[in-house]
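Colleague: Residues per chain, in single letters:
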Amino acid sequence: KNQVEQSPQSLIILEGKNCTLQCNYTVSPFSNLRWYKQDTGRGPVSLTIMTFSENTKSNGRYTATLDADTKQSSLHITASQLSDSASYICVSIERGGSYIPTFGRGTSLIVHP
Amino acid sequence: NAGVTQTPKFRVLKTGQSMTLLCAQDMNHEYMYWYRQDPGMGLRLIHYSVGEGTTAKGEVPDGYNVSRLKKQNFLLGLESAAPSQTSVYFCASSKQEPAYGYTFGSGTRLTVV
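Listed in order, the protein sequences are those of chains A and B.
At position 105 of the first sequence (counting the first as 1) the number is 1034 in the numbering used here, and the numbers step up by one without a gap.
At position 108 of the second sequence (counting the first as 1) the number is 143 in the numbering used here, and the numbers step up by one without a gap.
Next comes chain B alone, as it looks inside the complex:
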């Protein structure tokens, strides 16, 4: 099925470890986003990309890095995981038109111990 695929779905990390979350979309969307969702809080934008080879910081970028080497993939990296990064991470993609909605992935639940 067409859509946004996130891997892995679950992960437990030890403090200081690193990992990369992968987001892949097959809808040829220009825009891609990484969000985190914490209990009682709205989705918060970490980083986003408006096209292949571009990235930009969102609301909460500290501790994360991203890359978009191919249009269909958007990678989120944690270089040195901290317990404060325990969260559910969602990737989303969208066409360039402003009134076009997002398509979200099913999320990655990350626990840092």
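Bound-form chain A, shown alone:
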């Protein structure tokens, strides 16, 4: 069964600090990996999408990396802001007829002033 494991489960940092969230996946065959940000009470919003040939992609202060050999991805947040407080969800997409996604359980990030 395809799985996506995220760590840590939760994280508390001070405003202005950097942090890195981890994602390990077993999805095969692999199509692409995505990171989403979900604010409390809202639907997830896409941050980055990476195919197996991409190993880094940035979106403002968010930088995602992908190692397709080890099946690991990370999301690095630089100079955190209070608005970064959210759940960050890693999603791996299986290559196939309908590209079914496998969602991780998310990392809950709290940024304190």
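Simulated from the structure, these hints should not be mistaken for laboratory data.
A portion of the hints provided could be inaccurate.
SDA-like mimics (lysine to any residue), calculated; alpha carbons at most 25 Å apart, straight line [to be verified]:
| hint | chain 1 | residue 1 | chain 2 | residue 2 |
| --- | --- | --- | --- | --- |
| 1 | B | Lys106 | B | Thr89 |
| 2 | B | Lys130 | A | His1041 |
| 3 | B | Lys130 | A | Phe981 |
| 4 | B | Lys130 | A | Asn984 |
| 5 | A | Lys930 | B | Lys106 |
| 6 | A | Lys986 | B | Thr138 |
| 7 | B | Lys130 | A | Phe959 |
| 8 | A | Lys946 | A | His1041 |
| 9 | B | Lys44 | A | Ser1012 |
| 10 | A | Lys930 | B | Ser119 |
| 11 | A | Lys930 | B | Thr90 |
| 12 | B | Lys130 | A | Asn931 |
| 13 | A | Lys930 | B | Arg79 |
| 14 | A | Lys930 | B | Glu94 |
| 15 | A | Lys930 | B | Pro96 |
| 16 | A | Lys986 | B | Lys130 |
| 17 | B | Lys130 | A | Glu983 |
| 18 | B | Lys49 | B | Ala117 |
| 19 | A | Lys1000 | B | Ala117 |
| 20 | B | Lys130 | A | Arg971 |
Dock chain B against chain A, hints included.
Modeller: Frame of chain A, contents of chain B only:
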């Protein structure tokens, strides 16, 4: 604004009652999905559709039915609600290209008592 609209936003049902959740998108996306999100768990796929008139089962389809009579609408039905169906339900849509991200609705919070 363009996007995915879910109605209703909140609903309380009694066990055994039925209801339909409506998802509408105005982006001409081919693919549409229904997910449920429970505390401590990742988003789980209930049903999905790869085009008008098509539906397919996801990871947790039991107790739910869907229909996609029009390309822009995807309906999720609960025929006989159970307390185990208390959850937040998200609809999402996507283009056919595998590397295209999902656009999520803002969710429907359903409580079955």
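Colleague: Indicate, hint by hint, whether the structure satisfies it.
Modeller: Right, here's what the structure says about each hint:
The suggested pairing of B:Lys106 with B:Thr89 holds, with an alpha-carbon distance near 10 Å, which does not exceed 25 Å. At most 25 Å may separate the alpha-carbon atoms for a hinted pair to count; B:Lys130 and A:His1041 exceed this at roughly 37 Å. The hinted pair formed by B:Lys130 and A:Phe981 meets the criterion: a straight-line CA distance of about 20 Å does not exceed 25 Å. Among the hinted pairs, B:Lys130 with A:Asn984 is consistent with the structure: their alpha-carbon atoms are about 23 Å apart, no more than 25 Å.
Taking the CA atoms of A:Lys930 and B:Lys106, the gap is near 31 Å; set against the 25 Å cutoff, the hint is violated. Restraint check: the Cα-Cα separation between A:Lys986 and B:Thr138 comes to about 19 Å, which is no more than 25 Å; the hinted pair holds. Taking the CA atoms of B:Lys130 and A:Phe959, the gap is about 18 Å. The hint holds against a cut of 25 Å. The straight-line distance between the Cα atoms of A:Lys946 and A:His1041 is roughly 10 Å, inside the 25 Å bound, and the hint therefore holds.
For the suggested pair B:Lys44 and A:Ser1012, the alpha carbons sit about 24 Å apart, so the restraint of at most 25 Å is met. At roughly 24 Å between alpha-carbon atoms, A:Lys930 and B:Ser119 fall within 25 Å of each other, so this suggested pair holds. With a C-alpha separation of about 22 Å, the suggested pair A:Lys930 and B:Thr90 falls inside the 25 Å cut-off, and the hint holds. At roughly 23 Å between alpha-carbon atoms, B:Lys130 and A:Asn931 fall within 25 Å of each other, so this suggested pair holds.
The suggested pairing of A:Lys930 with B:Arg79 holds, with an alpha-carbon distance near 14 Å, which does not exceed 25 Å. Of the pairs offered as hints, the one joining A:Lys930 and B:Glu94 holds, with about 11 Å between alpha carbons and a cut-off of 25 Å not exceeded. Between A:Lys930 and B:Pro96, the direct Cα distance comes to roughly 17 Å. Compliance with the 25 Å bound is thereby established for this hinted pair. Between A:Lys986 and B:Lys130 the alpha-carbon distance is near 21 Å, which keeps this suggested pair within the 25 Å criterion.
Distance check on the hinted pair: B:Lys130 and A:Glu983 sit about 21 Å apart at the alpha-carbon level, within 25 Å; holds. Straight-line distance between C-alpha atoms of B:Lys49 and B:Ala117 comes to about 8 Å, which keeps the hinted pair within the 25 Å bound. Between A:Lys1000 and B:Ala117, the direct Cα distance comes to roughly 38 Å. Violation of the 25 Å bound is thereby established for this hinted pair. For the hint pairing B:Lys130 with A:Arg971, the CA-to-CA distance comes to about 21 Å; that is within 25 Å, so the pair holds.
Hint compliance for this structure: hints 2, 5 and 19 are broken, all remaining hints hold.
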